[in-house]
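As you go down the protein sequences, you meet chains D and A in turn. Residue numbers for the first sequence follow this note's numbering, beginning at 6 and rising by one. Residue numbers for the second sequence follow this note's numbering, beginning at 12 and rising by one.
Hints are supplied without guarantee of correctness; some may be wrong.
What the hints assert, rightly or not - For lysine to aspartate or glutamate, the following EDC-like pairs were computed, each having C-alpha atoms within a straight-line distance of at most 16 Å: (1) 14(D) - 191(A); (2) 400(A) - 475(A); (3) 261(D) - 198(D); (4) 338(A) - 358(A); (5) 144(D) - 553(A); (6) 176(D) - 160(D); (7) 422(A) - 233(D); (8) 261(D) - 169(D); (9) 422(A) - 377(A); (10) 332(A) - 358(A); (11) 176(D) - 233(D); (12) 422(A) - 215(D); (13) 161(A) - 129(A); (14) 130(A) - 70(A); (15) 18(A) - 152(A); (16) 424(A) - 475(A); (17) 261(D) - 280(D); (18) 112(D) - 109(A); (19) 62(D) - 429(A); (20) 18(A) - 132(A); (21) 14(D) - 358(A); (22) 14(D) - 117(A); (23) 406(A) - 362(A); (24) 339(A) - 358(A); (25) 424(A) - 63(D); (26) 338(A) - 191(A).
The set of hints was computed from the structure by calculation and includes no laboratory data.
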Amino acid sequence: MAKVTHTQKACAVNPLKMSQPIGSALAFMGIKNCMPLFHGSQGCTSFGLVLFVRHFKEAIPLQTTAMSEVATVLGGLENVEQAIVTIANRQKPSIIGISSTGVTETKGDDVDGYLKLIREKHPELDHIALVYVSTPDFKDAFQDGWAKTVTRMIEQLVEPVPADAVRDPAKVNLLPGAHVTPGDLDELRDLIEAFGMEPVILPDLSGSLDGHVPDDFTPTTIGGIGLEEIAAMGLSRHTIAVGEQMRPAAEAMEKKTGVPYTLFDRLTGLEVNDEFITLLAGLSGRPVPNKIKRQRSQLVDAMLDGHFHFGGKRIAIGAEPDLLWTLSGWFRELGAEVAAAVTTTESPLLERIATAEVLIGDLEDLEKRAADCDLLVTHSHGRQAAERLAIPFYRIGIPMFDRLGAAHQTIVGYRGTRDLIFEIGNMFIASGHEPNPGTWSLPEETGHVGEKALAAH
Amino acid sequence: MSSVSSKIQDVFNEPGCGKNQGKSEKERKKGCTKQLQPGGAAGGCAFDGAKIALQPITDVAHLVHGPIACEGNSWDNRGSKSSGSNLWRTGFTTDINETDVVFGGEKRLYKSVKEIIEKYDPPAVFVYQTCVPAMIGDDIDAVCKAASKKFGKPVIPVNSPGFVGPKNLGNKLAGEAILDHVIGTEEPEYTTPYDINIIGEYNLSGELWQVKPLLDELGIRILCCISGDAKYHDVACSHRAKAAMMVCSKSMINIARKMEERYGIPFFEGSFYGIEDTSDALREISQFLIERGAPAELMERTEALIAREEARAWAGIEPYKQRLAGKKVLLITGGVKSWSVVAALQEAGLELVGTSVKKSTKEDKERIKELMGEDAHMIDDMSPREMYKMLKDAKADIMLSGGRSQFIALKAKMPWLDINQERHHAYMGYVGMVELVKEIDKALANPVWEQVRKRAPWEETTWEERADAAIAAEAAALAADPELAKAQRRSARICKCKAVDRGAIEDAILEHGLDSVEAVTERTHAGSGCTGCTGTIAGILDSIEDWRPGSVNEPAKQAA
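The shape of chain D in the complex, shown without the other chains:
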C-alpha cells in the first residue's frame, strides 16, 4: 500500500539509523558468558558502548581489536589474534562474538581466514566458541546486524539433529527481533510458561540486560542463553520468530534441524495475540489459562475506553522496519492514521504499511513530514524535533537515554498492548487544550453579534 522511497539527500541530518555492528553486538549480549568484540578502531566500540550504557543503564561488555592506522593498512590478523587471546585470558568467556566494522571491511580483512589460522595456532582456545559476522557500517542498519548475527549463531552453534531424534515436547524456540525488549521477552516467557512449556530464547537479553542487581561481578555478559542450550535448540518442538527480520534465522533453524517455525511479524494488538495464544494452546494441548483470558478481556476494555482518544489522530513514526510495522498496524487498529513514516533500512514489510509513503531517511525528514501531526513516535533523538513541533513525544526503540526503564518497556501480549494504549492515550489527554473565553472568539472585524443587534435598535 505504501510507496517506499529513499531520501535523495547527500547529507543525513539527525540520523534515525544506527550502525549494523552495534546491532550485532547487542545480539551477542544475549548469550551467557560472552564477550562481543568489534574488529575496528577503538572509537567504533566506544560509541556503541556509550550508546548501550545510556540506554540500558547497565555495564556493557564490548571489546575492540583497537586497529591503529598502520594495522588498518596492513591487515588486522595480529590484532584479532591478540584481542582473542587477551579476552580469553582476562575474561575467560565461553564465546567471543566478532563483528566487523566499516574500517576493516573497507580494507577487506578476511576474518574467517584469520580465525582458521588463530585456531591452528592456539589449540588452548578450543573451548571458546568464536562466531564472526560481517557487518560493515556503510551498509544496512541496526536490525540487519542483529538478524545476521542470530542467523550466523544458528548456523554455527546449533547442533544438527538426526532424523530419528526425540524432540522435547515442552520446549519452544523463541527468536526475537532487535526491537523486542527484555520486558517484552519476560512477557512472552510468562505466556509460554503459562501453557506448561519452556521457551529457549536466542538471544536472551531478558537475562542479561533487563536491569537487575547481579550475583557477582563478571566482565562478560551476565545471564542470557548458554551455549549448550543453543546447541540443543534443534530438539525443540517448534520455533516462534518475532519480527520479519528473523525469518532468515527461523529458516536456517528449520533447514538445519527440521524444527518448523511460525513467524509473527508483530505481537502488539488484539488479533495477533489471539493467533499467538491459539498457537500456544495448540502446541501444548492445554486450555487457555484463566489469567490470560482475563488479560484479553482487559485489553478489549482498554481498546473501548481508549479509542475515543486515538480516533482521527495523525501519527508520525520514525523506527526500524519491524518496530515501524508493529506500531503502525496497532495505531491503525485504534483508529489513528500514520501520516508520516520514516525508517532506516529495506524490509518486505514497508510497502504493506497502511500509509502513503514510507521513507528510508532521517529525523529531519520525519520532522518535516510531522508538521501537522498530533504525536511524534521515535527514539530519544526525536526530542529536539518534538520540542520544535510542540507536539507530544512518545519514546520507543534504541536509544532511549533520557528516560528510565527502557529495557522494561513492554508492548507485546494482551497486557503490553493494554498498557501501551493507556500510556499513549494519556499523552493525548494531557496535551489537549483546555478552552478559555478566548478560544472561540471571532475575528476582530466581524464584531460581536450582540453589538450588531444592539446597534440595530
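Using the hints provided, position chain A relative to the given structure of chain D.
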C-alpha cells in the same frame, strides 16, 4: 594522509606539553601513538576527541564524513549548553554507503555541504574526517577548499580519523584545525583591556555560566571560550584577547601555546573547581590583564569580589558540614580533576579515602600529595572487582566517578555521584561547589540505601556476603603462601604501553643496581610510552627495602 601525519608530529613536538617534553627526541617522535592493546582497550578515538572539542561551538554545522556508525551511534550525547543557537545539537553525516566506498565519497561530501548551507545557513561548516573515507583517500581538505570558494562561507576540515590515535590526540588535532583555519580570520567590533580567552572549557551542564557572572561583575569580557558556548565569530576573533586561561591543559595546550606564539597572548593554567582554586584563577586573570595594560585597581575589585563570594560559599556549605563530617569519599576520575576535586571536597569537610590517578600527569600527582599527604591513596587503574574491594576496605560512604564505573557502586548498593562529562549538575565556581556538596548530601541522605540493602526474606546469603567471603579467602590464601603473594605482586602490569610487569622492573633494579627512573626506563623500556607509570616506578625504587629478597618486610607487606 600526509597532512594528518605532519599535524600529528607537530602536536607531538608541542613545547607546552609537559608530558612530551619529558621524553627524549626519539621517543617524542613516536609521540602518543602507543599501540592500544586489542581486546584490552577502552575509550574513544581521535575522531571522538575532535568532535568533543569543537562541538560546543554552537552555531556551526558539524558534518561527519563517514559511515553511519561515527555519527548515528553517537550524536546528541554531550551536555554542553548554548545561550543561543542549537545547531550544534543537530547531527549531520554523509552516511556513506558501499558505492561511496568504492567510488569515493567526495561528491557526496560536497553536496552535503551545499545542502547544509542552503537549508541551515550556518556561519561555517566543520567537516570531520573519519577512518573509512581516510582509507579510501577522500581529500576533505580539497573538498572544503572548493566548497568554501563556491559558497563563500568557511568550510573547515578537521582531519582526525579515529585510527590515528586516542581521544586526547583528537582534541589536539581539533585545536590545530581551528588554529589553521579559524582563529585570526575575523576581527572583533571593538576590544577592551579586559578581554580574555578561556581555553579547554566545554560548558558542560552550563558550568561556564557559574563563573561568567563573576567576570561580568569585574568588567572582564570573555572574548571567546574555546569551545564552550562559543560562536564561530568569537573563535575567529579570539586572537585579539589580552590573556588566556587554560582550563583543561591536556586537551588544548597547543591552542593556548600557539596563540601565545602567534599573537602574544600569555596564558596560565587554572581551575574553577573548588573555592580556593576559583579565587586563585580570578586573581591570576586580573594579574595577567593588569600586566597587559588594564588599570591596577582591577585587582582591588577582584579581591573584594573574592572576599564576598568566598564568604557566601562558606555560608552555603556550612549547613552541610556537620552532616558530612567524617563521611568518606572514594574518587575515581582522572587528569586534572583528580586533584581539583580533592581540594573541593576537603573544603566541605569530607574525608578522601582514595583518588584515582588514571590519565594524571606527574604534576597532577604532586598536587595530590600536596593536598592529601605523602601516603595519599592513589589508584592507577582498577578492575571492577578491585574497585569494589576498595569501596569495602576503605569503608567509603560514597563514590564519585564517571558514568562508566557507576554500576560498580550502584550494584554494590553504594551511593554514587557523577562528576564526569555526562553529569547533569554544574559544579564550577563558588556556586558549583555548594551544589556539589548539596548533591553529595542528597545522595548520602537518601533512605533508599537502607531499603535496597535489606535481603529478601527467602534469601540465605546476599551476594555481598559471598563476595566478601571470596575476597577474604583470596587474602587468606595470599597470606598463607608468600610465594603466591610474591608471584601476584610481580605479575602486576606497571607499564601498559610497553607491557612491562613489576617483576621485570624489580629484577632489573636488583641485577643492575639501578637507582633512577630514567635508568629503569632505559633498561626495561617501562615508562617510555605515555610515561604515565613513571610515578609507580619511582615508588618501586623507593620501596626497595620492602620487596628485596630476604627483606623482613616482604611477607608482611604482601599480607596487607
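message: Tell me the numbers of any earlier hints that the structure contravenes, in ascending order.
response: 1, 3, 5, 6, 7, 9, 17, 20, 21 and 26
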